[in-house]
Each structure stands twice: as structure tokens, then as C-alpha cells.
Amino acid sequence: MGRTLAEKVWDDHVVRRAEGEPDLLYIDLHLLHEVTSPQAFDGLRKGGRAVRRTDLTIATEDHNTPTLDIDKPIADPVSRVQLETLRKNCADFGVRLHPLGDDEQGVVHVVGPQLGLTQPGMTVVCGDSHTSTHGAFGALAFGIGTSQVEHVLATQTLTMAPFRTMAVNVTGELPEDVTAKDLILAIIARIGTGGGQGYVIEYRGEAIEKLSMEARMTICNMSIEAGARAGMIAPDDTTFAYLQGRDHAPTGAEWDEAVAYWRTLRTDDDAVFDHQVVIDATQLAPFVTWGTNPGQGAPLSASVPDPASYADAGDRQSAERALEYMGLRAGQPLREVAVDTVFVGSCTNGRIEDLRSVAEVIKGRKVAEGVRMLVVPGSVRVALQAVSEGLDKVFTEAGAEWRHAGCSMCLGMNPDQLAPGERSASTSNRNFEGRQGKGGRTHLVSPQVAAATAVTGRLSSPADLADDRTPVEV
Amino acid sequence: MEAFTTHTGRAVPLRRGNVDTDQIIPAHWLKKVTRDGFEDGLFEAWRKDPEFVLNQPERQGSTVLIAGPDFGTGSSREHAVWALQNYGFKAVISSRFADIFRGNSLKNGLLTVVLPQDAVEALWQLTEADPAEEVTVDLVGRTVRAGSLEAEFTLDENARWRLLEGLDDISLTLRHEDAIASFESGRPSFKPRTQAA
Ligand code: SF4
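Here the protein sequences line up with chains A and B, keeping their order. Its first residue numbered 1, the first sequence is counted upward by one per residue in our numbering. Its first residue numbered 1, the second sequence is counted upward by one per residue in our numbering.
Here are the simulated EDC-like cross-link-like pairs (lysine to aspartate or glutamate), alpha carbons at most 20 Å apart as the crow flies:
id : chain 1 : residue 1 : chain 2 : residue 2
1  : B       : K107      : A       : E21
2  : B       : K191      : A       : D236
3  : B       : K107      : B       : D156
4  : B       : K31       : A       : D42
5  : A       : K210      : A       : E353
6  : B       : K31       : A       : D76
7  : A       : K8        : B       : E184
8  : B       : K191      : A       : D55
9  : A       : K8        : A       : D23
10 : B       : K107      : B       : E39
11 : B       : K48       : B       : D22
12 : B       : K90       : B       : D138
13 : B       : K191      : A       : D247
14 : A       : K8        : A       : D269
15 : A       : K46       : B       : E2
16 : B       : K107      : A       : D23
Distance windows between CB atoms, simulated:
id : chain 1 : residue 1 : chain 2 : residue 2 : range
17 : A       : E389      : B       : D22       : 43 to 49 Å
18 : B       : E177      : A       : P175      : 51 to 57 Å
19 : B       : D22       : A       : A50       : 32 to 38 Å
20 : B       : T143      : A       : R80       : 46 to 52 Å
21 : A       : E209      : B       : A45       : 52 to 58 Å
22 : B       : D40       : A       : Q197      : 33 to 39 Å
23 : B       : G9        : A       : K438      : 40 to 46 Å
24 : A       : A330      : B       : D156      : 48 to 54 Å
25 : A       : A50       : B       : D156      : 27 to 33 Å
26 : B       : D22       : A       : A91       : 31 to 37 Å
27 : B       : R175      : A       : R190      : 43 to 49 Å
The hints are simulated quantities; they were obtained by calculation from the structure and are not laboratory data. Nothing here was measured: the structure is a model prediction, and the numbers come from that model. Note that beta-carbon positions come from the ideal geometry of N, C-alpha and C, so glycine has one too.
Start from the sequences, fold in the hints, and give me the full structure.
Written as C-alpha cells, this is what we have:
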């Protein structure tokens, strides 16, 4: 019988297989950041161990870093200690680090791909659940816990329990105003936040094949919000074109050898998935969340659902709680929901293509009065590219704040936070209670919806905007 | 990881069930960057009460915790195990542990012993009556002994062997270093490196 893409990559990394024991898998790339690594390094020190493969390990600072005044000492002492600890650990153990202020610094899941370190057929791990992002290249990429971080540092391997396979087939083409973010929000609403539990999801079908690498990363990034262990997309010419010429991509004869291998990384025609889901792309529309988990979403044209309409008692209760926390009432049209803050950024939508699409919508328009809009590039490289294209000017002229790279308002761990009761339209991935700051209310949206929402002050798509731009020179 | 064969020490009778990991170590302690120094956070809320058993002078230096059923429920934080170990506990006895907590404890060398509730009750009475009473947790013989009391326990063979040998997951994996090295030697050269080898 044929094998799926995930099974092929897994099989190619088995170091040891023994009856009654989980497989020992080799890890090709280990990404580190300041929050989940300190105790792992501490463990190495206590055990008198070294990092086995510093040449397969890389660290960056992102979660705690401020996005303003980055040349000044970090105000929060706890954040400062976490960053200083990472710096010391990387120096002591010989790990390559891109600290705050470095040209390659940024959100860990933006940095790996842009350096060309994430490649098809690899195993990639990081002490962070959104490691699933790297699956966009046809890599098997998992988030891991601190003990596992230590295990990988010491052995470059991980024992892993077996997984099940799920295919999400997206048939037809996405309508022009529908983005990858709308698609993944619709997928999660469909299969539920626990629907992917135990599975590695492979996204397939015509709509997926047409997506750019940035869009594929947005999709795979949010696999974890469906509870999946990982998400993957088979590598193809789009993948190879993205990789070619990047810092760590192979060159010359090695490039040809690599591409020949990468082309084998497709699910065989006779392979069988444990579970299949079909989504009709042509039926999709811009999609936003109304609740407090990423599965609580609806088309922008819909209204806030009535909790009473849920058959399942658990769903009903969680919808009731969500509406209370979000300060929404059943039947309220989503387009009437007013926001105070718009956040563009994160490892979901903080790449150059995302910033370009925001700029395209907001160019020549103004951020609505009373609305604060933050545009935070996912990495310094993204920032430099945006500046070279004049996008920063487009944002600031519209009245948005152009910030330094980092996780920023994706989570309340650095100074960028919502105040209690404040409401945001956010291009990030989690709308949990308090995720963007204590008492903050989050609506997950695509970059285009974020931009249009900033202009009107209410949840909107670009189609809702009047055609009254002032010409801007870029 | 330190090997665990047999341990004898004074005990803390904790007459509470359903002790979740938030009680063991509150969330605000999770910002620390080491596995050390969590001892002051252990049962932090309860320790504000001078009557709390851990605060009693005769319990100082105890190393065995005898707890009620469902110990270690809630969040999966490994910090709960670290806090108990940092404080000085070598073993925890209860009639039932939460799965994740139990996995974390055995991974870190903290022996969690499951005894029937009547045996736990007997240990409570014994150690409450005489705080100087010592409890022996014998992993070799799979028994707990105190005074005239002796109770047997079971532990899955793989976990027991790892504790007896003092093997953590990393040392176990490193036993297959040959396999890792041979896998590495076959790794295609086109795969990326973060720095020059
Ligand atoms: S941007 Fe958000 S989701 Fe991504 S790594 Fe940072 S905190 Fe996590």
C-alpha cells in the first residue's frame, strides 16, 4: 500500500524502531526562543551534557521583546532576565542566536523559512505550538515541551508516539476576495478545535496548490488550533521557487539532488488517510471569529450566533460564556461590531505578502478616528523589505503605527497589550480569553479584513470600503 | 537523574484530596528560568496559614509526602514536580495521581507511590501520632514500611527499571548513540546547517 506524505517523512527519520516502544526520530532542525528553553539548558548543565548538533540549532528572541525603543534596556525585569538567559545559554553552548537588534531577528517561525533553513522532507521542532507553520514546505514540524527541548538539544532525536493521518481536500478555486486566513478559519470552524487531535493534517486540492508559500504558512500555522499535531502541504514548484537562492538553500549539484528528492515527497495515489474532510473553496467568503476559541467563527456577512441554536450542551455553554466575555449579543450583525485596535502581525500573518496586502487596502485611506492600528513585521528582514517598498510610509500616512519585529500583540507577554474590555481585529491565531491582555477581546481576521476594519472602525472587508482614496506616491 | 532504590525519611501527612498543580505551584512562578528555586512557591497559598502542616516545626526536613486521592490534577506544568523536589521531597504517596503529573514525576526521578486509601489512612494516623516516625519507601522490594505497617505497591516495570538505574530519557536515548551516529552519517549533504560544521 502507498504511503502519505507524513508517513514518508516520518519513515525517513527513524533512527531506531523496537517492538513495544515508540520510534526514535532524528530531528533536522531545532528552533529555540527565550520562553521555553531556559530549563532545558539548565538540565544540560546539571547533566554535564553538550548540545549535540549546534549546527542544526538556531535561536531568536521574539515573545518578550518590545516593538518600540528597542535600543533601550527592556523595562520589564522578568522579560529582561529571560532574554539575558537565552543570550548566556547560546554563548555557553555555542548556539547561533539572533538577538533583538540583529538583522535576522524575528518571530521564530518567520525566521526559519526566510533563511531557507526550513526545507521539504525535514523534521523541525521548537518549544512552541505554532511550529506547525513549517509544514507548509512539506516538513514534519511539531511543537514540543521543555523536557523534549532538552532531549533534542542533547541527542538531536525525539521519541514520538505514532500519529493518524487526515486529508483536508480543498476543491475548486478560492474567490478573489477570500484569503488563506479565511480558509483556515473556515476549516477550523468546520472540524472544531479538537477535531485534529492525534492527527497530522495534509492540506490538498486545487485551492491549496494555487497558494503562495506565505499563504501556505498561514494555513499550516493554525493547524494546531484544530488540535492537530502538525499540518503539511506537499512541496511543488512554488516551494522550490521560494527556496532557491535563500541563504541556506542548497546550490549547484546539491540543489538538483535535493529537488529530485523533494519531488518524491507526495502522498501516493493508493495511500489511505485515516480521515478525510472536503471543503468547497468556491463557497467561502471572508471569515472572522466572534468567540473565544478559533473554532468560533462565521462569515463576515453573518450575525453573532444564538447559543440556543447549538444542539450540543457543551457547545451551547461555551458559546454563552464566549458572548458574555466578548460583550456581544446573539443576532448582532458582525459588520456592526466596532473595534478599538487593529493588530497586523504574528507568525500567522506577519510576512511581506501580508503587509503588502494590508498596504494595498489602506493606501490613500485613513485609520478611523479612535482606532489604534499596529503593524508589526514578523521579522527584521520583513521590515527591511517593507521599507524598501515604501510600505511603512503607506501605513504611517494612514495613521497606523509601524513597529519593530516580534510577537507583539499576539500574546500578552510584552508591552503591546489590550486593556480590559478593549476589542481588537487581529491577524494572529488565538482569541482565547486574555490572550492579548487581561480582559481583552479578540476577533481573528485576515490581513485584508484587518485593513478594511481599521478604515471603518467596524469589522469590514475591502469590498465595504468607499472608493475615495487620496492618491499616494510610493 | 539520581537513582532511586530505597529511601527512608520523616513524612508530611497532607489530608487533602484533589490537590491540583495550581495549588502545588501557582502560575506566577512560571516566569522563572531555572528548575531550581521553586521551594518557596510550593503550596504557596496554603503556607500563609501558620496551622498548615508544612509549617509545623516538627515537619521540617521531611522527605515523604502522604497525600489524599487525585494528587497533581490540572495544568501539565512540570514545575509542580520541580517544586516538590526543590523543597526536599523524594517520594509522594497517594491512592490516585493525575496521569500527566505522574508521568512528569517519574521523568524527573520523584517516586510517586500508589497505595490503597486504607493504607494511606493508616500512614496518616501513624505519622500524625508521632512526627518522628520514619517511613521507608523501598522500590527494590516494592513496599512502604513504617512502624509495624507494611504495604506493597506496584509500578510498571519499565518505569521502575529506569528509576532504579537512575536513567532519564536522555541517558536512555544515548544508549543508542551508535544508531544516532550511523543515521547521521547517512544524512544527505544537501540538508541545511545553521552554521559551519
Ligand atoms: S507570533 Fe504569536 S503564535 Fe507566533 S510564536 Fe509569537 S506568540 Fe507564538
